[in-house]
Amino acid sequence: MRRFTWFNATSLTLGFVFLYMPMVILVIYSFNASKLVTVWAGFSTKWYGELVQNEAFLDAAWVTFRVAVFSSTIATVLGTMAAYVLVRSGRFFGRTLFSGMIYAPLVMPEVITGLSLLLLFIGIGLDRGILTIVLAHTTFSMCYVSVVVSSRLVSFDKSLEEAALDLGCTPMQSFRLVTLPIIAPAVISGWLLAFTLSLDDLVIASFTSGPSATTLPIKIFSAVRLGVSPEINALSTIMIAIVTVGVISASLISKRSVVRQKQEEQEAAQS
Amino acid sequence: MRRFFLISAPYIWLLALFLVPFVIVLKISLSDTALAIPPYNPTLDLTQGWAGFKDFLSKLDFENFVWLTQDDLYWKAYLSSLKIAALSTVLTLMVGYPIAYGMAQAPDEWRPTLMMLVILPFWTSFLIRVYSWMGILGNEGLLNQLLLWLGVISEPLHIMNTPTAVYIGIVYTYLPFMILPIYAALEKLDSSLLEAAEDLGCSRLSAFWLVTIPLSKNGIIAGCFLVFIPALGEFVIPSLLGGSGTLMIGKVLWEEFFSNRDWPVASAVAVVLLLILIIPIILFQRNEQKAREADQ
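Going down the list, the sequences are from chains W and C.
Under UniProt numbering, think of the first position of the first sequence as 1, with each following residue one higher.
Under UniProt numbering, think of the first position of the second sequence as 1, with each following residue one higher.
In case anyone wonders, no lab produced these hints; they're calculated from the structure.
Don't take each hint at face value.
To be clear about the criterion: a stretch of chain C counts as covered by chain W if any three or more of its residues have a C-beta under 8 Å from a C-beta of chain W, and this derived list gives those stretches [to be verified]:
{"#": "1", "segment": "10-20"}
{"#": "2", "segment": "111-117"}
{"#": "3", "segment": "120-128"}
{"#": "4", "segment": "131-143"}
{"#": "5", "segment": "162-169"}
{"#": "6", "segment": "249-256"}
Predicted model only: the values in this text are computed from it and were never measured.
Ideal placement from N, C-alpha and C gives every residue a C-beta, glycine not left out.
So that you can see chain W by itself, here it is in the shape it has in the complex (with noise of 0.2 Å):
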């Protein structure tokens, strides 16, 4: 009985409306003229090419790139190891702890986990640059992608392991051949989502970065410090271009492994 009313309809379109605006509009003036933000002067695509040319920003975007990289890997291993951990381990020492070590950083204000790391570096003497970006970076993201992958361990069969295990595969094939295909599309999504993470975060990064190393969201955070400028404009609107493109195709891929799969089951149950 379910029935989609005008009130809906109409919930729906506002809801989407304040959603979407501010970004569309940000778009829009990306390719406005005027150096002016809030004066519509005519097309013209002037501030990507200064973008292009601006040495600091590519800097700042190779850095971020790298980092995150560097980071979303590391954290998928220790996150994939973490989720296994949790979900099979059974008991073991400080068991508990660890799980709390996982769930916390998820709700830990930005600004806290940023003051902790960096007081731990300078405390230890090491030098800020790419490699404390992306300890830090590696630390919160892992907890995100062991959250991911173990809601997909939970979820699936042991006796397949098991059965891998009795016909004689070694601990180790039996996690490659069986347990990892089946938990791949959580994993390639904690990938993505730590990747994410590391490319937007400012907090952690300005505190844990320094002056060799800056992240495009520090350069965009002090830039946009001073005022919306056209340039920021133009940068948001490949940056979301991005992300619009990397979400839909990762949602089709998935779309269509979900549909292949529902053959395969067909077919095994009819043959």
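Given chain W, work out where chain C should sit, using these hints.
Okay, now just chain C, sitting in the frame of chain W:
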């Protein structure tokens, strides 16, 4: 051996980069401020072993915490953060519930698209989403231009650099966190219960109040915590949209650290913020636990 490695690698990583840093924050919050680099006098000297620890215990002082209670700035900032976080959670609920409800009522074939439309902003840079409001809310911003053009107002509204802008920013950026858990709860709702209510003489509105809302309670609670907890320590939104007119503790901590370079006080601010957050975090986990048990 394999199991040992599997457990110890993430364990040691989190101990070294999550737990130890907190102990350091705690330690520095109990230190004296000094004009040096690093700008504090450590009160705990572990190189001296047990004697150093005893020395530390005898010199333990809560000077920085006392300072927090004496200076108006800090407790005003805590109170104002609590107020802003609470009020914007209520506002996000009021905006988010109708959207989640609309999604749950929508035809099945629309749902994946609607879901993606809610999740997409979540993947887009937080900073950019906050920034996008700067061009809209300013004195010469698009909202004021529109309202002036429509003749609704004769003078531009001052929204930018006021708490109102912060509320708008928080509602906007955290909306997906509110919509998704409520939608998850509404989707599971057994619609025959609503039919039963209407058969028994409930109007549609009272069936909504008496059946739908109570059955989506867990989603509402989860959504509220998911907005309230991060909003309390928020830094980006108050510093870009709130200006000097808005006091929030995340911003105070940042300025204490980067501008005033008073690390012990910044650490004490962090410790107190964490103590305040522990209550909602524990309540949130209880709610999650209850929801999981109800599912089984």
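Verification of the hints:
Using a Cβ-Cβ cut-off of 8 Å, 9 residues of the segment 10-20 of chain C lie near chain W, which meets the minimum of three, so the contact claim holds. As drawn, the segment 111-117 of chain C meets chain W at 4 residues by the rule of a beta-carbon pair under 8 Å; at three or more, the given contact holds. Here's how the segment 120-128 of chain C fares: 8 of its residues keep a CB closer than 8 Å to some CB of chain W, so the rule of at least three is met and the hint holds. With 10 residues bearing a CB less than 8 Å from a CB of chain W, the segment 131-143 of chain C meets the requirement of three and the coverage assertion stands.
Figure legend: the segment 162-169 of chain C, annotated as covered by chain W; annotation inconsistent (0 residues with Cβ-Cβ distances under 8 Å, at least 3 required). Counting residues of the segment 249-256 of chain C whose beta carbon lies closer than 8 Å to any beta carbon of chain W gives 3, which meets the minimum of three for the stated coverage.
Hint compliance for this structure: hint 5 is the single one not met.
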